[in-house]
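Asks: Sequences and hints are given; from them, build the entire structure.
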Amino acid sequence: MSAGTSWAADTRAVPIARLLVLCALLGLAMLAALRFGAVPLSTIDVFDALRGSGSLVHQNILHELRLPRAVQASLVGAALALSGTTYQALLRNPLAEPYVLGVSSGAAFGAVVSVVNGWSQREVWALPLCAFAGAVLAMVLVFRIAWSVGHRLDARVLLLSGVVVSAFLVACIWLLLTFADDESVRTAVFWMMGSHSGASWRSVSVLAVVMLPTAVVLLWQARALNLLAIGEMTAAFLGTNVERSKWWAYAAATFLTAVGVSVSGSIGFVGLVVPHALRLLWGGDHRLLVPASALAGAAFMVSADTAARTVAGANELPIGVVTALVGVPCFVWLLRRPVNGANV
Amino acid sequence: MAESKGDAAVAVVDDAGRTVQLSHPARRVVSLIPSATETLLAIGAGPLLVGRTRYDVAPEVQHLPLVGGSVDPSIEAIAALRPDLVVSWESDKRQQFRERLERLGVPIFMLRTQDTSDVYRGLRNLGVLTGHSRGAELTAARLRAELDSVRISVAALPRPRVLYVVFNDPPMTVGPHTFIGQLIDLAGGTSIFADATTNWPNVPMEEIVRRNPDIVIVPVGEFKGQALERLRAMPGWRTLPAVREGRLVHVPANLLSRPSPNIGKAARVLRAAMFPAFASAVHAADTAWPALSADGLAPTTVDGRAARR
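Order-wise, the sequence lines are chains D and S. Going by this note's numbering, the residue at position 137 of the first sequence is 137; the numbering climbs one at a time, nothing skipped. Going by this note's numbering, the residue at position 75 of the second sequence is 75; the numbering climbs one at a time, nothing skipped.
All the given hints hold, so there is nothing to weed out.
Just the calculated beta-carbon pair ranges, DEER-fashion:
#1 D:Pro329 with S:Ala77: 45 to 53 Å
#2 D:Glu123 with S:Arg244: 16 to 24 Å
#3 S:Arg100 with D:Ile230: 58 to 66 Å
#4 D:Trp333 with S:Ala77: 50 to 58 Å
#5 S:Ser74 with D:Ser148: 38 to 46 Å
#6 S:Gly69 with D:Ile16: 55 to 63 Å
#7 S:Gly17 with D:Arg35: 47 to 55 Å
#8 D:Arg51 with S:Gly246: 27 to 35 Å
#9 D:Ala171 with S:Met172: 24 to 32 Å
#10 D:Pro329 with S:Gly246: 48 to 56 Å
#11 D:Ile145 with S:Met172: 40 to 48 Å
#12 S:Glu102 with D:Val149: 50 to 58 Å
#13 D:Arg35 with S:Arg124: 48 to 56 Å
Which chain S residues stay away from chain D? Per the calculated CB distances, all over 10 Å, these:
#14 Val57
#15 Gln96
#16 Arg112
#17 Ser117
If we take Cβ atoms under 7 Å as the criterion, some of the chain D residues that face chain S in the derived model are:
#18 Gly37
#19 Val57
#20 Val124
#21 Ser197
#22 Ser200
#23 Ala314
No wet-lab data here; the hints were simulated from the structure. Idealized CB from N, CA, C, for every residue including glycine.
Replies: Okay, structure coming up:
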């Protein structure tokens, strides 16, 4: 008996307990993110600084640097995991992840345009704005190409158009960087590696305002995702308006990725592995999977960012290095774990 | 080392430990390093230059054919100029580039560009290789006098604790064994990261907040004050007392990023950045600086008010 069918019938206590466990993990990850760094703080220091008392240096570090950064990491982690979960269901492809449809290449293209033209030097908001515009441009191109083939969203055609649009935009990026000055190249490459170091209260508030309604859309579509993950024909037989649900889910997932990538660059692995891991552990019911992947993605990203900031002393590691180095062994262990009836 | 005017063979050991032998002093030189170009101009060997990179800013070389970037020049473009000496980076680890030029019969001199001793050694070696030893000696003596006068002028003053911002995101500063680190020390300041063990260390923003510099010095290139405005809005930076209280100073990036005989001027610019009383002296002494407008030379506070006024 799979975990997916049992709880809906008899009890809601198990999934709620699982979500509470993930909430607690996220809370611990946030506390660690606020405590650890170049200047170590005790839990008491953290709460003092949060209340606006204690040393001024601690307050500055907490309010200006660590808190916005931890909140941004959690929001982006949640966005990527949500988007990965959705793509994996819609495309019925285990390799699907938030960047598979070319959104990150589009964002990188926008970011590089703003850096090379010097806009990002003038205005703090030029880079994320251009990155978002690039992501939307890539998304429109990919869906336009896919739609033009047979006037429906075929998963295989979408994947292929994602790959070619992405390859085209990457070529454009390197073309631009070939003629750019050293400083622009450095800024662009650093951005493309992904980092939360640019977090500010403004980026966090924009993220939060955009993310919450989008996440609600995905929760609302969770039942449709369950059916779509089995197959579009089955979903149609069972009363789902397949095309409409697909549009909603694609739009929401792509939008989440675009917003996330435009503030932090593309950070690999979170959107691929977190949904898979949860599916392996707790089964494939999207009514649990959608909220659980948001919480787990947030906790994973916050922890990875804390590790990236702290393990190598003064040199910050690229966060993608941490997500892969930690994520891969955990994932391999999960894959090889004996399965007790739970299906993938 | 004898005066090598004329056609006598010359030989020096370059900064990579290779012996560079020329059958006569070089007559056609391509410098891939902007600071080496400035060194050659300073010792009077400018007329020997036959090419430039896109990073060379001196007006004397702007008419020369372009060979590409400093680290990614076109070998074909270099070969076409038939140089009898190429000056390249000691830090360049690409064997391939060096071997291909050597196979074309072009001698390469590898120059180290980390600290002030590299400037003096580069002067001496490039002087020998181009037959301008006399010019090199005069330039070195003048530079020594310039740096001594800066050192003496600040000897009795309290030393401000400064942060030199090589790059702001992610923050990168200078180590004590770079020429910039040495010039800050010589010009009367103490870098808050004088304990760094690498030359161009990345430093965490939190550590900058904790060490709380008295003065923040930012080298600024083509984007000028806009980059400073941006820094002032960035989390972490904007709450630093030095930034809030107007002790954020910019210096011309082209002058401060090149370990050439112009480091005497760089030292005076840094001194003026740290001690506003010296600002007028910088202006008077450096209007003759060829590669930059006089306007770009004096440190300016972030609100656009020239510090020299």
